[in-house]
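**Student:** Protein chains in written order, with my numbering: chain A, 757 to 1106; chain B, 31 to 289; chain C, 1307 to 1644.
Treat the hints as calculated values from the structure; they're not laboratory data.
The reader is advised that the hints may include incorrect statements.
Straight-line C-alpha distance at most 27 Å; calculated DSS-like pairs for lysine-lysine [to be verified]: (1) B:Lys91 x C:Lys1522; (2) B:Lys91 x C:Lys1437; (3) B:Lys91 x B:Lys71; (4) C:Lys1522 x B:Lys203; (5) B:Lys177 x B:Lys110; (6) B:Lys151 x B:Lys110; (7) B:Lys91 x B:Lys110; (8) C:Lys1522 x C:Lys1437; (9) C:Lys1437 x A:Lys1098; (10) B:Lys151 x C:Lys1522; (11) B:Lys151 x B:Lys109; (12) A:Lys1098 x C:Lys1522.
Over the 10 Å line for every Cβ pair with chain A, so calculated as not near, a few chain C residues [unchecked claim]: (13) Val1349; (14) Pro1359; (15) Asp1360; (16) Leu1362; (17) Val1411; (18) Ala1438; (19) Gln1465; (20) Gly1475; (21) Lys1484; (22) Ile1498; (23) Phe1504; (24) Arg1534; (25) Gly1623.
For glycine and all other residues, C-beta sits at the position ideal for the given N, C-alpha and C.
Next come the chains, spelled out residue by residue.
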Amino acid sequence: MPAGFRLPEPSRFFIPHPEIEGSAVARQRLIVRLLAYKVSFTLLVFIALLVIFQVFTPNHTFFQRPNLFALARLAPDLGIVALGVGILMICGEFDLSIASTIPMSSFVFVKLLGTGVPLGLNLVVTLCVGVIMGLGNGLLVTRTRLPSFILTLGTMLFWKGLLYAASRMMPIGIRSWLPAGSWLENMFVGIIGGVFPIQAIWFVGFAVLLAVMLHFTKFGNWIFVTGDNETAARAMGINTNLVKIISYVGVGVLCAVVGMMQCLRIESFTANQGVGFELKAIASAVVGGTSLMGGMGSVLGIFLGTLTIQMIENGMILLGLPAFGIGAFIGAVVILFAVLNKYISRFSTR
Amino acid sequence: MADVRSVSTGKPDDGYLVRMVGIDKYFGRVCALKGVDFRVKFNEIVSLVGDNGAGKSTLIKILSGFYTADRGEIYFEGKKAHIGTPRDAKALGIETVYQEQALAPHVSIPRNVFMGREITKVLGIMDGRRMHAESMRTIERLGLQIKDTGAVVEALSGGQRQGVAIARVLYFKAKLVILDEPTIALSVKESQQVMAFMKQLRSEGISVVFITHNLFHAFQIAERFVVLARGELLADVDRKDSSVEHLSQLVISGHHEEK
Amino acid sequence: MSDSAPVKSPDTRPNRGFIGSLRRTRSLSTFIIAAILFVLFSVFSPGKYFATPDNLQIFLATEAEFGIIALAVGVLMIAGEFDLSVGSVLAFCSLTFVRLFSAGVNGVLALFITILVGAAVGLFHGIITVKAQIPSFITTLGGLMLWRGITLFWSGGQQQGLELENIPGLYAAIGGAKIGFVPIQFVWVVGITLLVVFFMSYHKLGNWVYVTGDNKLAARAMGINTDRIKIACFVLVGVAVGFVSVMQLFRASTFTARAGDGLELSAVAAAVVGGTALSGGIGSIAGVFWGAMVISLIENGLVLMRIPYWWTFTVFGLIIIFSVILSKIIEARRMSVG
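Using the sequences and the hints given, assemble the complete structure.
**Tutor:** The following block contains the structure:
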């Protein structure tokens, strides 16, 4: 095995079966023991929702091609970002500034289009925007040792103001500089064979990459340990500040990717790209079993969690609920799952 | 050297302040205490020693109301006692001084001393002047001098903080004071200071139980040593029948030495 | 036995009635900042409009509404928790009152019910945070979306006007009256501030709030029910929000579903600027009062100076970041002796 790789410990994915005395095992039903696996709970919810929406939407439009296609095109926006946010949560920090990072990268991207730089360079610079903003967050959090949610709320406001000032809140179309059919568009928002949106492949691709990193590599272990017990991690020589900074940069880069993807897809920059994402991303992670305290979570969980959240939003629209209600629902879902996670973990790690 | 295994006589009020009889405590499958008898006389200092996991902390947490024993009884001043919460213990006169002293760092000394039991005038409004006077008087009684009486606790040294915590239990007329590793984070000089506080408590008629790893400290001021090992009572010796070597032998080996 | 360990003296002037002189210093410096800003805007606002009676009255009234909520948020932060939902709950309570009142419910009764609704929301947040041990910023972040969504849903995003002629007494008491030059809202905030200052400094429950935030385990060991204290603080925030929602309604005489947007961050900023620690246990109520004044001055001042409103975001972002850093530095300097 190459250096740095090791087989994943089962405890990363699953909560191991609790040590139970002889007679108690008989009393534990299979279902209840299966529930001890956090990811399987998310899966259950996911499947349940799938069924519910399919049954209740008018004409059962939910599980049909047009809707699934829409889902596959939209979910990756949230999903790719949620992967980063979730991993950051595992190492014990939060980032509430993604709603500013996403449109900011989109803005830079469009502005660069206007200057005619080669697309490849544009791509690199846009990603760098994400790096810079992530680095800013990471340095701020690690140097000041202050609660990350307050600091990133601060940076969110800071960048928001700059963005609004620079863009005057006006949307900017891309077509004047970027004729349709460019390689960049095909790469990021193209549709394979006319049926399958490429964003979905990016989402799955990122998920697989990050899953390998998180669950199989040394660095991934460092992420878990930093979130679980930072003092212990430091004592073992792990540079926890670096771990956190890298995680923040990761979030920044993923936000830049999504900002650009969105821009290409809707063919313009708008200042309210990514609005509400910070809570949705946390919701996706929480629904996927990520602990709010850090140290626990899985990429698979975040993946399923994103699909669940996106599905809820999508399903509610199909069911005819007004858009206003969705935000409320997401809020309720976060609270509900945060509580549920607590009780599941309390139950399964006896 | 003889070590004496204590036997419960089953008769209440035989001159003991505290008698814990046949205490069992389980955490899930793990047995923390099994059949432990523990007694404290009036006006004595007892040291509770033993290696990690022996059950010392668990035993005193039962006595101070944090845990409830699964089996066994507690007698206080000869009467059977039910200690379900820390408030029950305090009501009886059992006070605990914790490792981290249970002090609020950014709050003044009087407010710390009276935390939760503030002296109030009408309607819950605090009597700051009395709180200040009473707390300072008690601190002096203990032999501790604090130069800046308006300071917040954070500004005090480790020994002084321990003193404040002990002054707290002294003021509230504790009959039994339990100290969990009182000297663990302190310098040599501060440790001596805290041990002087403990002697002061005893001279006020209060009994003291303290847990420690430091057998030298234990031997300096305790009159009796109770050794726990793996959840069971291993030995209960008076100072005159023991020595530091003897104690450490018991603690390390975890069982009686060959006679 | 004398204590001969030399004590490197941090700033610990004798206790003179407020808790710890350092808190006084912090509220004093916040007051100074507020005063400076006041003078600056009076002088530099175009046409010196800031200091005119018209503007000042509006300013004091809006500042008061904000200040009352900031006080409650400050108390909650001293207890060690956060509430990021206050803006949304404000809108929700606002709508509640409007619906009740339009349905014919007596004004005073509607006010009480609205306050109760706010308290109930606070209770909800508090119980979930404390009993399920979810970090309060997550619970209330969820609440932020939840209550805003419900408000939008219930109101259909529509504005709704209020007919206030029928309740002249109530209106005067909360919205319309003036004492000389000063609008009644400001009288309310000053009164409430004095009350809360007194309570936190002199009442035993005030001490319990401080120690709960400072060292929760110590408080519990001393028999204080920290769960109840925290939940009570959440309810306090809810009550404040309920009350202010009606106050604001009376002043604007219209309900808008977007009311209170961004309020939560400003409230936290006000508390932090006023010296409240993010970790709990430290804070002066007077400081929060002046902190709210500072924040409101900046908001009002930026508008008057014709600075586009989007710069307020950036300014607030910077204020939040620098205030929390400053608080930490001050705290670190205080702790010279371990």
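**Student:** Hint by hint, note whether the structure agrees.
**Tutor:** The hints, checked one at a time:
1. B:Lys91 x C:Lys1522: Holds. B:Lys91 to C:Lys1522 sits at ~18 Å (cutoff 27 Å).
2. B:Lys91 x C:Lys1437: Answer holds: B:Lys91 to C:Lys1437 is near 23 Å, not above 27 Å.
3. B:Lys91 x B:Lys71: Roughly 19 Å between the alpha carbons, so the hint for B:Lys91 and B:Lys71 holds.
4. C:Lys1522 x B:Lys203: This hinted pair holds, its Cα atoms lying about 24 Å apart.
5. B:Lys177 x B:Lys110: With Cα atoms ~44 Å apart, B:Lys177 and B:Lys110 exceed 27 Å; violated.
6. B:Lys151 x B:Lys110: Given that 27 Å is the threshold and the Cα spacing comes to 35 Å, the pair is violated.
7. B:Lys91 x B:Lys110: holds, 18 Å
8. C:Lys1522 x C:Lys1437: It holds: about 15 Å lies between the C-alpha atoms, which stays within 27 Å.
9. C:Lys1437 x A:Lys1098: Answer holds: C:Lys1437 to A:Lys1098 is near 10 Å, not above 27 Å.
10. B:Lys151 x C:Lys1522: Satisfied, since the Cα-Cα distance of roughly 25 Å is no more than 27 Å.
11. B:Lys151 x B:Lys109: violated, 34 Å
12. A:Lys1098 x C:Lys1522: Holds, because 21 Å separates the two Cα atoms, which is no more than 27 Å.
13. Val1349: holds, 25 Å
14. Pro1359: About 31 Å separates C:Pro1359 from the closest Cβ of chain A, which puts it past 10 Å; holds.
15. Asp1360: holds, 28 Å
16. Leu1362: Consistent with the label, C:Leu1362 stays out of reach of chain A, its closest Cβ about 27 Å off (over 10 Å).
17. Val1411: holds, 25 Å
18. Ala1438: Check fails; 4 Å does not lie beyond 10 Å.
19. Gln1465: holds, 14 Å
20. Gly1475: holds, 35 Å
21. Lys1484: Per Cβ check, C:Lys1484 is outside 10 Å of chain A; nearest 34 Å; holds.
22. Ile1498: holds, 25 Å
23. Phe1504: holds, 29 Å
24. Arg1534: holds, 20 Å
25. Gly1623: violated, 3 Å
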